[in-house]
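Visitor: Residue strings, one per chain:
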Amino acid sequence: MLELLGVPPQVLFGQLLLGLINGSFYALLSLGLAVIFGMLNVINFAHGAQYMLGAFAAWMLLKFAGVNYWVALVLAPVLVGLLGVVLEKLMLSRLYKLDHLYGLLLTFGLALIIEGMFRHWYGVSGQPYPIPQALAGGHNLGFMFLPTYRGWVVAVSLVVCFGTWFMIERTRLGAYLRAATENPVLVQAFGINVPVMITATYGFGVALAGLAGVLAAPIYQVNPLMGSHLIIVVFAVVVIGGMGSILGAVLTGFMLGILEGFTKVFYPEASNIVIFVVMAVVLLIKPAGLFGREK
Amino acid sequence: MLKKLLAGTATLALAAGAVTGAAQAQISGDTVKIGVLTDKSSLYADVSGEGSVVAAQLAVEEFGGKAAGKPVQVISADHQNKADISSNIARQWFDTEGVDAIADLVTSSTALAVQEVARDKGKVTLISGAATSRLTGDACSPTGFHWAYDTYALAVGTGRAMVQEGGKTWFFLTADYAFGHSLEADVTREVKALGGEVKGSVRHPLNNSDFSSFLLQAQGSGAQVIGLANAGTDTTNSIKQAAEFGITSSGQSLAGLLLFISDVDSLGLQIAQGLSLTTGFYWDMDDETRAWSAKYEQKTGKKPTMVQAGVYSSVLHYLRAVDAAGTDEGLKVANKMKELPVKDMFAKNGKILPNGRMAHDMYLARVKQPSQSKGRWDYYDILRTIPADEAYQKAELSGCPFTKK
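So the sequence lines, in the order shown, correspond to chains B and G. Here the numbering used here is used: the first residue of the first sequence is 432, the next is one more, and so on. Here the numbering used here is used: the first residue of the second sequence is -17, the next is one more, and so on.
With the rest of the complex left out, here is chain B (with noise of 0.2 Å):
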C-alpha cells in the first residue's frame, strides 16, 4: 500500500479533516478574543468561561424549558452575550483608562468565579447533551467516517467567520469601529456613540463564545472546565496569528487544529504541546505575530 511518512494517506486524510473540525472552534473562539482585543484592548480572559455558559445556557434551556437545538444556537449566544454587555457596563468601562493588566487580572478572575460556581453546582463530569436528531449519524467518505454534526460544525464556523471578517473590513459600521479605536474622540466628534459601539462589539464577543460553546456541546459533554482546557490554546492561537487581526486569528485557528491533528498521529504524547512550540518559535522570529502589525 502507497505510503506517506509510514501511515496510510487515509490515515492521513482523516487526520487532516479533523484538524479542520478542531480548527473550526480554535478559529471562532480565537475570533471572538482577536475582536475584543482589536476593538477594546481587552485581554478576555473570561472568554473560556463564556465559552463554557453558552454550552451550559443551551443544556439548560434544553433541560428546564424545552428548548431544542436550533432554537438555542441563536438563543444561547443572545443570553451569554447580553451577560457579557451588563459585564462591560458594570466592570471592565471602568478599567479603560488603565493598564491592559487590570483588564486582564478581572477577566482572569471572574473566569475563576464562573467556573468554581459551575463545578460547585455540576461537579466536574459534565452532563449530556444530545446531537439533533437532523444532524445525527454521518457519511462514509471512503477514507473516513465523518459524523454529519461536525461537519456542520465547520459550515457554521466558516460562514460566522467569514461573516465577521467581512463586517469589521468591509461595511461602514466596521469602519466606525475601526476608526473609533484608533481615535475615539475624533470619532465621538462626528456624532457617533463610542461607548455604546465598545459594549456592542464586547457583547458580539462574547456572544461568539457562546455559540462556539452551544457547538460544542453536543461533541464534548457540557463540562464546567471545557473552558479552562481549551483557553491557553486559543491565546496561543491568538498570539500567532497577531494579537487582534481578524484574519490572522480564523487562519491560524485552522492551521493549528490540522498540524495538532498530525502531531496526534505521528507522536500523540507531544499534542498538548505542539501549539505552544510553534507560539515559541513565531515569538522569536516575529514578535507581532503571523498576520500582526507591529505598532
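Honestly, the hints are just simulated from the structure, not real lab data. On a predicted model such as this, the values are computed, not experimentally measured, just so you know. Idealized CB from N, CA, C, for every residue including glycine. Any given hint could turn out to be false.
Pairs of lysine-lysine residues, derived as DSSO-like cross-links and limited to a Cα-Cα distance of at most 27 Å, are as follows [unchecked claim]:
1) B:494 <-> G:356
2) G:350 <-> B:494
3) G:48 <-> G:318
4) G:386 <-> G:333
5) G:281 <-> B:494
6) G:376 <-> G:330
7) G:103 <-> G:314
8) G:314 <-> G:376
9) G:333 <-> G:103
Some chain B residues near chain G, calculated using beta-carbon distances under 8 Å [claimed, not checked]:
10) 446
11) 525
12) 528
13) 558
14) 650
15) 692
Across the chosen pairs, the derived CB separations fall in these ranges [said to hold, decoys possible]:
16) B:586 <-> G:277: 46 to 56 Å
17) B:548 <-> G:67: 18 to 28 Å
18) G:57 <-> B:530: 39 to 49 Å
19) G:283 <-> B:586: 37 to 47 Å
20) B:509 <-> G:53: 34 to 44 Å
21) B:582 <-> G:384: 55 to 65 Å
Mind docking chain G on chain B? Use the hints.
Guide: Chain G only, in chain B's frame:
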C-alpha cells in the same frame, strides 16, 4: 479473704489504669488524624473529591468519633493530580500537622509519590482512588494499603469477560501516565493468556478533550475491541465520540476498563447502555449498601462511587486497628490491620494480603438499557461476582519485594 480480694481488685484496677494510661499516651498529638488527599477540582473530582471527605467523616461518625480513647479528626486537601504537590502536602501533614494516615489518593502518580513519603516516615496510606497495581507490586510499602480496586482486578474482570465473549483482537487508547500504562499492561497480559492479540495502542495526554484522532487510529487498526485504558472525563469523552464516529455501530466494541457510576450518570444511559465494567461496589447490592448509600446521598446529593465507598471502608478498618492496637504508630497499626478481617458494608469478606492489597469480591456489571432503568442511579445489572481470590493477584506473585519467597 476479704483483704485479699480487695487487694486483688485494687491491683487490677491499678493495672487497668496503667494500661489505658499507656494506650492513651501512644496516640501522637492526642488525636488520631486522618488526611483525605484527593482531586477536588479537576477530572476526578466526581469520582473521589469532596465525596471522599464525606465518606471518611461517615466512617468516623459511625465509629463514635473516637479511637483508642482519643478523638478522631479528618482533614482534607486538593492535590490537583500532581505528584509533586501531593508529596509536599503529605510531608507537611506528617511533619507539622500530626497526620497519622492519608486516605483516598486518587490518580496513580500521586498515590505512588505519597506512599513513598509515607513509607519513609512510617505512616499509613489507605489508597482507594488510585488504580495502578504497582502500589502493591514493585512499589509496595509495609504501611501502604490498596483498597477499592486495582488494574489487575479490572483486567481480570472486564478484560477477561470481553475476550471470552469473542473479542480476540485489541487496540488500546491509553492515558499517558502511571495508571494508563499499568492498566494497558495488565489487560494485555489477560488478553494474551486467553489467546488474544493486541494490535497496537495510542497514548493520549491526561485530561484530553478531543479523542477523534485517536479513535480514528483505533478504527483503522481493525481490532474487535477498543480498550479504554483511561478514566473520568477522558473515558466519557472517548465513549461519546466513539458513538459519534459510528465505531460501535460498525461492529467494533468498546471496553471501558475503568468506569465509575458517576461516569455512567454523566453519559446518560442512551449512550452508556450495554457497556460492561468491573466495580468493587454498587450502591444497590443489598440492604446494607443501600442504607449506607442513602446516608451518603443525603449529604452529597449523589450515590457513592466505588472509590468513595472504599474510602469509608478503609478509614473504618484503620480506626478498628488503631483501637485494637491502642496506638497510632504506623507499623503497629498496619500489622494490626493485616491481622483483622475486613468486614463492613463495602467488603463482606475482605482480607489484607501481606503486600497491603485488600482482597475482596469484585463484580462484573453491565449498564442497563434506558427502558430497564427505574430512574437516576438505577444503572447496573450485576452479571457475576468475581471472588476475591480470582480478582486479586497472590502477594507472592505481585513483585512486592518483602513478600517474595
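Visitor: Each hint: holds or not?
Guide: Evaluated hints:
1. Under the criterion of a C-alpha separation no larger than 27 Å, the hint pairing residue 494 of chain B with residue 356 of chain G is consistent with the structure, at around 19 Å.
2. The suggested pairing of residue 350 of chain G with residue 494 of chain B holds, with an alpha-carbon distance near 22 Å, which does not exceed 27 Å.
3. Between residue 48 of chain G and residue 318 of chain G the CA atoms are separated by roughly 18 Å; this keeps the pair inside 27 Å, and the hint holds.
4. For a cut-off of 27 Å, the pair hint linking residue 386 of chain G to residue 333 of chain G stands: about 19 Å separates their Cα positions.
5. Annotation: proposed proximity of residue 281 of chain G to residue 494 of chain B holds, straight-line Cα distance about 24 Å (limit 27 Å).
6. Distance restraint check for residue 376 of chain G and residue 330 of chain G: the Cα-Cα separation of roughly 19 Å lies within the 27 Å cut-off, and the hinted pair is therefore satisfied.
7. Using a Cα cut-off of 27 Å, the hinted pair residue 103 of chain G and residue 314 of chain G holds, with the two alpha carbons roughly 13 Å apart.
8. Between residue 314 of chain G and residue 376 of chain G the CA atoms are separated by roughly 23 Å; this keeps the pair inside 27 Å, and the hint holds.
9. About 25 Å separates the Cα atoms of residue 333 of chain G and residue 103 of chain G, which keeps this hinted pair within 27 Å; it holds.
10. Taking 8 Å as the C-beta cut-off, the interface hint given for residue 446 of chain B holds, the closest approach to chain G being about 6 Å.
11. Hint status for residue 525 of chain B: violated, given a least beta-carbon distance of 30 Å to chain G, over 8 Å.
12. Taking 8 Å as the C-beta cut-off, the interface hint given for residue 528 of chain B is violated, the closest approach to chain G being about 35 Å.
13. Interface hint status for residue 558 of chain B: upheld, as the beta-carbon distance to the closest one in chain G is roughly 7 Å, under 8 Å.
14. This hint holds: residue 650 of chain B has a C-beta 7 Å from the nearest C-beta of chain G, less than the 8 Å allowed.
15. Of the supplied interface hints, the one on residue 692 of chain B holds, with its beta-carbon coming within about 6 Å of a beta-carbon of chain G, less than 8 Å.
16. Between residue 586 of chain B and residue 277 of chain G the Cβ separation comes to about 51 Å, which falls inside the hinted range of 46 to 56 Å.
17. Take residue 548 of chain B and residue 67 of chain G: their Cβ atoms lie about 24 Å apart, and the range 18 to 28 Å holds.
18. Range check, residue 57 of chain G to residue 530 of chain B: about 41 Å between beta-carbon atoms, so the 39 to 49 Å window is met.
19. Against the hinted window of 37 to 47 Å, the Cβ-Cβ separation of residue 283 of chain G and residue 586 of chain B comes to about 40 Å, which satisfies the hint.
20. The hint said 34 to 44 Å for the Cβ distance between residue 509 of chain B and residue 53 of chain G, and at roughly 55 Å that hint is violated.
21. Distance hint for residue 582 of chain B and residue 384 of chain G: a CB-CB separation of about 58 Å, consistent with the stated range 55 to 65 Å.
Checked against the numbered hints given earlier, this structure breaks hints 11, 12 and 20; the rest are met.
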